[in-house]
Each structure stands twice: as structure tokens, then as C-alpha cells.
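> All chains, please: the whole structure from these sequences, using the hints.
According to our numbering, the sequence shown is numbered sequentially starting from 16.
Hints are computed from structural coordinates only; laboratory data are not their basis.
Note that beta-carbon positions come from the ideal geometry of N, C-alpha and C, so glycine has one too.
A hint or two may mislead.
Okay, the calculated beta carbon distance ranges per label pair [unchecked claim]:
{"hint": "1", "residue 1": "GLY298", "residue 2": "ALA120", "range": "39 to 49 angstroms"}
{"hint": "2", "residue 1": "GLY48", "residue 2": "ILE194", "range": "16 to 26 angstroms"}
{"hint": "3", "residue 1": "GLU279", "residue 2": "ARG245", "range": "19 to 29 angstroms"}
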Amino acid sequence: MDYDQSVALLRAIAEPTRLRMTLLCAQGELSVGELTQILGQSQPRVSRHLKLLSESQVLVRFAEGAQSFYALTADVQIRRLVEQARELIDRDDVMLARDAEQVAALRERRFQRGQQIFADRAQNWNELEALGIDHKAVQQRLVQYLPDGPVNLLDAGLGTGEQLLHLAQYIDAGTGLDINSNMLAVARSQVAKAQYTHLTVISGNLYQLPVPDRAHNVVLMHMVMHFLDRPRQALLEVARVLEPGGRLIIVDFAPHHLESLKAELAHQWLGFADAQIDQFVSGAGLHLVASETVAIDPLTVKIWHCSKP
Numbered sequence: 016m017d018y019d020q021s022v023a024l025l026r027a028i029a030e031p032t033r034l035r036m037t038l039l040c041a042q043g044e045l046s047v048g049e050l051t052q053i054l055g056q057s058q059p060r061v062s063r064h065l066k067l068l069s070e071s072q073v074l075v076r077f078a079e080g081a082q083s084f085y086a087l088t089a090d091v092q093i094r095r096l097v098e099q100a101r102e103l104i105d106r107d108d109v110m111l112a113r114d115a116e117q118v119a120a121l122r123e124r125r126f127q128r129g130q131q132i133f134a135d136r137a138q139n140w141n142e143l144e145a146l147g148i149d150h151k152a153v154q155q156r157l158v159q160y161l162p163d164g165p166v167n168l169l170d171a172g173l174g175t176g177e178q179l180l181h182l183a184q185y186i187d188a189g190t191g192l193d194i195n196s197n198m199l200a201v202a203r204s205q206v207a208k209a210q211y212t213h214l215t216v217i218s219g220n221l222y223q224l225p226v227p228d229r230a231h232n233v234v235l236m237h238m239v240m241h242f243l244d245r246p247r248q249a250l251l252e253v254a255r256v257l258e259p260g261g262r263l264i265i266v267d268f269a270p271h272h273l274e275s276l277k278a279e280l281a282h283q284w285l286g287f288a289d290a291q292i293d294q295f296v297s298g299a300g301l302h303l304v305a306s307e308t309v310a311i312d313p314l315t316v317k318i319w320h321c322s323k324p
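Below is the structure:
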């Protein structure tokens, strides 16, 4: 961060309402309406403050249908500065304590909504479990593919958020993205229940990621590729948001013959061979580093580790 950026950042948060908004969004993504309600201010005024905080890259904006959500940036330096600002304020500050109570109540409402949706549809959502595959074994291996040092993860196609939550304790910042509103509701409820403030759940399309260039050093695509009708285009987007030296971790099926999955679960691909993955990622300017088989019964599941030069 250069001198001018630092000045703009400090100027952005050096105002009572904007600092309060920043600390609120540090607890998880909030919509404009939710911020308006918590702050007790008019929407135009809240929107003006949000615009300035977004322009200074303190907050990031995500569109989800007709709503806009704001969250603290995943940038590690900025997050550290915000944490330091919070530490300067008395822990028993009445206003911030009241804000925290309102955010907690909001999280509880989200959690209950997500649980209701999950109860209605959960039987189809853990795909590996539904197919009789040891998904825990797959999950445990993911940690080994994280790099040393700070990790800013994008879970591209997060589903119910299970992988993001599993990796939460090993990463510095994480963003989970999905296009399905029901999945987002459940994932958001799980994040709220776990009270992770360094995780953000956003709506987005894999073919047009609402993420800046070089924003993440790890991207996870867990059981996503076989749903994509245009995997090459999705991988080009993944390559764009990866920083140089960043990692792409793909988890998916090896080639199989269960044609029924196309009709029953809307699969576009019946698994992938190493050579096929290599071809896909190479076309996006990425390099296939290694592959590993992590489950073989009843379908073979593999992890492909790719890197961006």
C-alpha cells in the first residue's frame, strides 16, 4: 500500500459513522437496509458513507438480486488496521456493544431462516455423502494444499459452506461464492452460527466473478467442475482473480459411467481425467502441479493442485 492509498484509507475511517460502519461490516456482510436499521440513519446518508468506504477499498460491495451487501475487504493489511482501530476503543463502549447485540440478533434470524431451507432441501445438498463417498476424508486432505503464510481463500461454488467452514481455522480471510440463493442462505446461516468474522458469503457467477484481479492467493473449486457447461471460461475467471504464485485446488470425480447423474443431479461431465484437467487449466494460463486420489468407493474422487505462474 503506497502513501496516497494509506492516507485515503485513514481518511475514510476517521469519521464516527464510517468507523462504526467499518466495525459493523468487520463482523460479517450486511445489506444497506440492515446497516440503515442498525445505525438509525437515512438510506441516502448510509449509501454516501458506503460509497466512500468502497472507493477507499475498506469495504467491498456484492450484489445479490435486488440487494447490495457490504463486507470488510479481504486485504490482510487493511483488516489488521481495522482490528487495531477497534482495540483503541474501550471494550465496554455502550454504542459498539449495542451494535454487536444487533448483529448477533441478525445472525440468529439468518441462521433460523437457513435452517428452515436446509430442512426442506438438505437431502440433495451433500453430494458426496448422498453418493456414499467418504466426504470427510476428502475434506481432511484439503488443508494439506494450503500454502504457508497468510491465506486469502475464494471458495468458488461454496454450496452450503461446509468446506469454507472446515478451512476457516487455517485461513486469514475467506470468501464463499455461489449463485444459488438457497445455498447462500444456508451457508450464511452456518457462518453466522460459527461466529466467524473473517468469512464472507456472496452471490456471484463463476463465469463472471464479482472479484478484483489478483484478489486471492487460493481458489477452491470443490465439486463444481462437473456442473459447468463452460469450464474453460470459468477457469479463465479463476486465473484472473488469482495472484501470481497463487493456487487453484480442484476437487472432483475421475472419469466414471454413471449416466444417471446427468438426469438426477444435472451433471454436465462424467468426471475428468488428469490430461483433461491439464488441458483446461493450461488454456487458462495455469499449471497442473500434482493430482491425488482421495476416495475410490463407489466413485473415484481426486484433488488437482494447480498454480499460477
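> Hints the structure violates: just list their numbers, smallest first.
Failing hints: none at all.
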